[in-house]
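The task is simple: from the sequences and hints, build the whole structure.
Here is what each chain is made of, one letter per residue.
6 protein chains.
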Amino acid sequence: MLIRVINPNTTRSMTEKIGASAQRVAAPGTRIIAVNPDSGPVSIESHFDEAISAVGVAEEVRKGERDGTDAYVIACFGDPGLLAARELTRAPVIGIAEAAFHLATMIATRFSVVTTLGRTGIIAEHLLQSYGFAHHCRRVRAAEIPVLDLEDDGACALERIVAECRRAKAEDGIGAIVLGCGGMADLADEIREAVGLPIVEGVTAAVKLAETLVSLRLGTSKHGDLAFPPAKRFTGQFEHLSAQPGS
Amino acid sequence: MLIRVINPNTTRSMTEKIGASAQRVAAPGTRIIAVNPDSGPVSIESHFDEAISAVGVAEEVRKGERDGTDAYVIACFGDPGLLAARELTRAPVIGIAEAAFHLATMIATRFSVVTTLGRTGIIAEHLLQSYGFAHHCRRVRAAEIPVLDLEDDGACALERIVAECRRAKAEDGIGAIVLGCGGMADLADEIREAVGLPIVEGVTAAVKLAETLVSLRLGTSKHGDLAFPPAKRFTGQFEHLSAQPGS
Amino acid sequence: MLIRVINPNTTRSMTEKIGASAQRVAAPGTRIIAVNPDSGPVSIESHFDEAISAVGVAEEVRKGERDGTDAYVIACFGDPGLLAARELTRAPVIGIAEAAFHLATMIATRFSVVTTLGRTGIIAEHLLQSYGFAHHCRRVRAAEIPVLDLEDDGACALERIVAECRRAKAEDGIGAIVLGCGGMADLADEIREAVGLPIVEGVTAAVKLAETLVSLRLGTSKHGDLAFPPAKRFTGQFEHLSAQPGS
Amino acid sequence: MLIRVINPNTTRSMTEKIGASAQRVAAPGTRIIAVNPDSGPVSIESHFDEAISAVGVAEEVRKGERDGTDAYVIACFGDPGLLAARELTRAPVIGIAEAAFHLATMIATRFSVVTTLGRTGIIAEHLLQSYGFAHHCRRVRAAEIPVLDLEDDGACALERIVAECRRAKAEDGIGAIVLGCGGMADLADEIREAVGLPIVEGVTAAVKLAETLVSLRLGTSKHGDLAFPPAKRFTGQFEHLSAQPGS
Amino acid sequence: MLIRVINPNTTRSMTEKIGASAQRVAAPGTRIIAVNPDSGPVSIESHFDEAISAVGVAEEVRKGERDGTDAYVIACFGDPGLLAARELTRAPVIGIAEAAFHLATMIATRFSVVTTLGRTGIIAEHLLQSYGFAHHCRRVRAAEIPVLDLEDDGACALERIVAECRRAKAEDGIGAIVLGCGGMADLADEIREAVGLPIVEGVTAAVKLAETLVSLRLGTSKHGDLAFPPAKRFTGQFEHLSAQPGS
Amino acid sequence: MLIRVINPNTTRSMTEKIGASAQRVAAPGTRIIAVNPDSGPVSIESHFDEAISAVGVAEEVRKGERDGTDAYVIACFGDPGLLAARELTRAPVIGIAEAAFHLATMIATRFSVVTTLGRTGIIAEHLLQSYGFAHHCRRVRAAEIPVLDLEDDGACALERIVAECRRAKAEDGIGAIVLGCGGMADLADEIREAVGLPIVEGVTAAVKLAETLVSLRLGTSKHGDLAFPPAKRFTGQFEHLSAQPGS
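Residue numbers (our numbering), protein chains in the order written: chain F, 1 to 247; chain E, 1 to 247; chain P, 1 to 247; chain S, 1 to 247; chain B, 1 to 247; chain W, 1 to 247.
There's no promise every hint is true.
One copy or any two copies: either way a pair holds, since identical chains are not told apart in the list.
As the list claims (entries may be wrong) - Below 35 Å or equal to it, Euclidean Cα-Cα: the simulated DSBU-like pairs (lysine-lysine) are:
| id | residue 1 | residue 2 |
| --- | --- | --- |
| 1 | K169 | K63 |
| 2 | K222 | K169 |
| 3 | K63 | K232 |
| 4 | K232 | K169 |
| 5 | K63 | K222 |
These are calculated hints, taken from the structure and not from any lab test.
Shown next, in the form of structure tokens:
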């Protein structure tokens with residue numbers, strides 16, 4: 001099984017870290033390709049970053065279609081371009097935010113989210129509402145760490161995340177914590193140990209859900225609004241999108 | 001990995017069918033034990049049947065704890081005893097209704113449920129609301145088949161389910177259908193072929209989600225309301241429950 | 001009018017206390033029979049306790065049917081087995097949690113719940129959502145008292161409940177408090193006096209609602225999902241349930 | 001116990017009919033006074049009628065306060081002036097719409113409303129949402145009968161209501177019907193018999209709920225937003241309201 | 001264009017202040033008539049005040065209809081009589097609470113409300129729920145100022161409002177604040193400057209929305225539940241309402 | 001006042017039509033610049049088209065910032081890139097879907113949407129839920145017209161839209177209809193006349209709301225999650241986005 005894990009930002013070190021986390025939990029027969037777009041923001045910390053990154057996500061799905069990809073993972077906590085990506089393929093596409101939310105509800109009746117920056121908390125709130133998990137989530141918290149500080153070994157990122165998770169454990173009346181950034185994929189075990197709560201991390205969650213859907217032969221429905229997009233002309237720098245897969 | 005698939009009713013043939021479906025999708029290293037309680041209703045078609053069956057579910061989890069079980073599946077579409085079962089173990093416990101709902105939202109923006117009897121539709125509605133999936137589900141439909149007719153080869157069960165699924169496809173504006181009974185586990189492929197829509201079947205969905213949680217080392221949270229129940233005395237026919245696992 | 005007040009746990013002293021509270025508010029023509037199952041947990045402090053206790057609730061309804069019972073009250077704040085019980089009878093069945101929530105909304109625009117243990121707060125939250133009262137309730141609070149401490153005269157239970165109620169009054173912006181445990185039935189007056197807020201207690205609320213429904217000749221609907229359960233075989237220790245009332 | 005049943009419209013024959021229905025279900029010690037304002041619309045079939053009628057409701061509560069009233073019922077299905085009335089008294093105040101909705105959820109998992117005119121259906125919808133019962137109600141239906149036709153013996157009102165109720169029973173998947181007009185108070189029994197479903201009628205429901213609250217010594221909370229209104233000057237035709245009860 | 005701005009209370013100085021605020025933002029061709037009823041409360045600080053004031057609102061709309069009014073604004077934060085007023089005219093009618101809520105969601109993802117008295121916060125909460133904005137609003141706060149203190153130059157009203165707004169900015173995670181009283185119309189600029197957040201004030205918001213609807217030739221729909229009320233007799237002091245505009 | 005109306009697709013004729021509709025309703029002092037990106041899809045009929053078009057929307061906002069733009073309108077019914085666009089400017093940004101929904105709730109208690117293709121109905125449903133208008137909308141309907149057929153004079157688009165609107169009027173119990181495509185901007189008057197209901201069209205609605213916000217000096221909040229995005233490097237074809245306005 002070939003799973004294409006798409007890091008929607010263009011920071012290669014983060015892509016590698018995400019890929020390693022994905023591979024670590026993958027089943028024996030699963031091959032992980034971790035990629036990132038050539039074009040896009042080096043980190044995603046705003047609605048704007050997210051909007052731009054969705055193009056790269058779509059491009060990577062289109063590339064993946066040429067490689068016989070069995071499933072896709074979108075490895076940014078805002079799930080950018082999720083529905084667009086689903087339209088482009090018969091394979092399943094899983095976002096790491098949705099993946100983490102789904103699994104968190106299976107092991108705890110209430111959870112909190114600990115994300116990087118306060119300003120991106122609203123993205124998690126919107127997803128929680130749209131997916132239907134708002135009442136399962138007690139609180140969206142931020143450790144106030146810029147995303148790329150997670151790439152910087154010297155930074156005190158882990159410490160701050162653990163501190164915020166401990167506050168969540170003490171104050172929120174929860175049973176689990178969802179980590180709100182793909183860049184935290186390698187920290188889940190340490191956080192779990194330090195905090196003493198189940199920690200749901202989205203990249204690893206999404207890989208296993210992708211495997212789950214593939215093994216059940218459940219792909220993105222091509223009946224209804226996730227069918228391949230109507231073929232049409234794109235102009236300018238997006239002209240190459242005119243011929244769409246599946247159409 | 002050892003997964004205990006609990007059929008909450010006491011019809012052995014259905015347990016075997018469910019077990020076979022579970023085994024068919026299990027990963028190479030997964031061993032499925034399909035069990036049903038000694039005591040309980042032969043089928044679950046009412047709130048009453050469901051309430052009684054929850055005792056057997058709990059008993060089977062307690063037995064499973066003595067066997068080193070890694071995960072549990074509750075194979076009845078009302079997810080009877082789900083939260084109680086979770087309290088009794090550190091292992092993950094997955095209900096087939098929740099499993100099917102979760103996966104359906106990953107491959108379609110809207111789905112319908114096709115269950116057995118109209119009177120049990122309310123159970124699905126309550127779960128959809130409680131889990132947060134009410135707005136993803138267009139309609140809960142019933143093929144009006146008694147559960148045990150699904151065990152009877154000569155019955156026209158498949159035909160009626162397919163007919164209802166086709167109506168759902170034509171009228172509901174959906175991308176996928178969730179089968180609303182554990183006893184339909186062996187029919188999913190035939191229905192999919194006949195209807196031309198992704199069909200999400202709960203037993204198989206739950207087994208893969210259980211594997212997912214185990215492989216991510218995510219067990220039921222023992223912090224908060226899913227912690228082991230306070231030890232206490234039970235009386236009468238439930239006296240043997242006084243000593244509880246984990247407590 | 002004969003009302004069967006069912007204490008779902010098996011602690012006889014609590015049953016008596018509940019019965020006395022029920023009798024104190026009953027109308028002249030109402031006879032209260034306070035019962036508890038022979039089998040089950042001595043207190044209900046977990047999803048597991050609740051699931052087991054639902055069997056006893058159903059058994060007590062079945063017994064009640066043989067006695068010409070006019071209405072039933074389920075006197076545990078989780079309303080265990082409520083829908084199952086309703087299926088078994090044409091008489092009305094009222095849970096004490098629902099009873100208290102309903103009445104609280106009639107005398108205040110917002111209320112808080114003060115229950116025993118924090119871990120059971122989630123049960124109240126689930127009921128509030130399912131019944132539709134989530135937005136009327138500001139907060140579910142716990143006095144952190146084990147249920148059976150309410151039976152122990154020397155315990156400081158009352159003091160702790162009053163303290164928590166006072167915090168609710170000071171902080172929550174509410175007009176009334178709902179007591180979240182059947183075992184608090186005898187404390188309502190003292191709490192009301194100490195706190196200076198309307199205190200809604202479920203046992204007494206449920207008895208009056210039961211009388212209300214009976215006097216209006218409104219019984220549980222036998223059209224639709226609360227009709228008598230389909231007759232079927234039960235096995236093992238539940239074999240005696242095979243012949244069901246009304247079927 | 002003295003219950004003041006306020007018909008918010010000024011049609012005396014309807015007030016008498018409502019009063020008779022109220023008296024029929026009242027407990028032995030309960031005295032019903034059925035009143036209507038001197039000033040206001042002869043029937044309530046619009047938001048405008050409702051707004052004007054709220055003044056009369058408040059006036060009647062103020063009159064009732066001088067008479068030592070124990071509880072109030074507002075006998076129009078829009079519950080006009082309900083929160084205002086509650087502010088004016090320590091006694092409980094019950095609207096017939098809320099009363100009927102509350103009781104309906106206790107005897108059926110889903111109900112429909114059958115009201116008079118389609119244009120007033122929105123009032124019921126708004127109340128259902130505000131009270132929290134929207135998901136319990138399948139459909140708000142109208143028999144398309146002007147309210148005062150219910151006062152006219154020769155009219156075919158009953159026939160049309162029964163026909164609409166039968167459609168509700170056949171199509172809506174419900175267990176009970178709520179009658180959506182105080183003027184239908186005397187028809188409930190005939191409708192129940194003709195339709196074969198529990199019929200919840202608001203006037204009778206509200207009287208019994210009022211008795212319930214009084215007997216439990218639960219009055220409108222005077223802590224928070226239902227406290228007596230701040231004393232102040234009213235001008236013009238409302239000058240007499242300047243001195244308010246309780247303030 | 002003629003806009004009738006109705007202050008639902010009878011304090012003339014407040015009407016003038018509201019009128020001046022309205023005029024200040026009106027388009028060149030817009031003429032503002034600021035009025036208040038002759039009869040009613042001098043301020044609106046309770047459900048009761050609000051109910052009475054709705055009559056005056058309706059009266060003022062009826063007067064406005066004789067003057068060729070193009071749009072109406074109801075300048076009290078509870079939007080009293082809004083739907084009734086809409087029934088009485090083909091012109092648009094805008095409440096200042098709804099106006100402020102709508103605009104706040106266009107400039108911020110989350111806002112808080114700062115109102116006068118804590119006891120009226122519930123009115124804002126009910127409107128937020130009914131209009132659909134509950135999840136956009138983080139918190140309803142009160143500066144605990146009686147409404148008429150806003151008319152008193154010497155009062156420290158501005159200071160207290162600013163202090164509460166600053167708390168909202170610091171604690172609520174918001175992007176904007178909605179002022180919760182028509183009497184604050186003249187303070188918005190000072191508050192904005194002092195707090196450093198967008199301040200949405202309802203009177204000015206409603207005037208511009210009224211102009212918007214008029215210029216788009218969008219009037220209150222006369223199809224369905226906002227059609228002119230059925231003509232009927234009113235009695236007593238409301239007899240003059242019997243002949244209704246448009247009917 | 002300068003309003004930049006951004007047609008997110010690249011069909012120039014549609015941009016001109018939208019611009020003309022915008023200009024027709026603009027206030028005397030308002031200058032409309034109607035633009036479309038150079039790059040992107042020629043029409044927007046899928047999640048994929050929408051995701052790509054968001055880039056062009058952001059680019060057009062950035063251009064607009066260099067021109068002293070006072071407000072922006074995003075003229076596609078999915079409001080693509082709305083929150084991203086808001087981050088890029090202190091000016092208000094209005095989507096045509098939100099604009100139409102807001103105004104529709106001010107003139108009718110319930111509305112339906114009539115859009116182009118059934119497959120894009122889900123986009124409207126998601127927006128209705130996210131904005132809070134789900135319960136105001138009875139139904140999202142499609143006339144099943146490809147977007148570019150709206151540009152084709154010979155097409156029977158108008159006829160099909162009118163037919164669908166008439167079905168909505170007859171069946172949905174509504175007071176107004178929202179047109180679900182920017183390409184219908186020039187048809188609103190004809191549809192209104194043919195259908196006999198208020199027709200809310202988004203482009204014209206958004207222009208007036210933009211004028212409203214500007215005249216009230218209410219711009220996008222720069223406090224919180226709509227503040228300018230953190231400055232950062234973009235790579236590849238998006239490198240020019242590295243220097244962001246306001247940062």
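Structure versus earlier hints, numbers of those that do not hold, lowest first: Nothing - there is no hint that the structure violates, so all of them hold.
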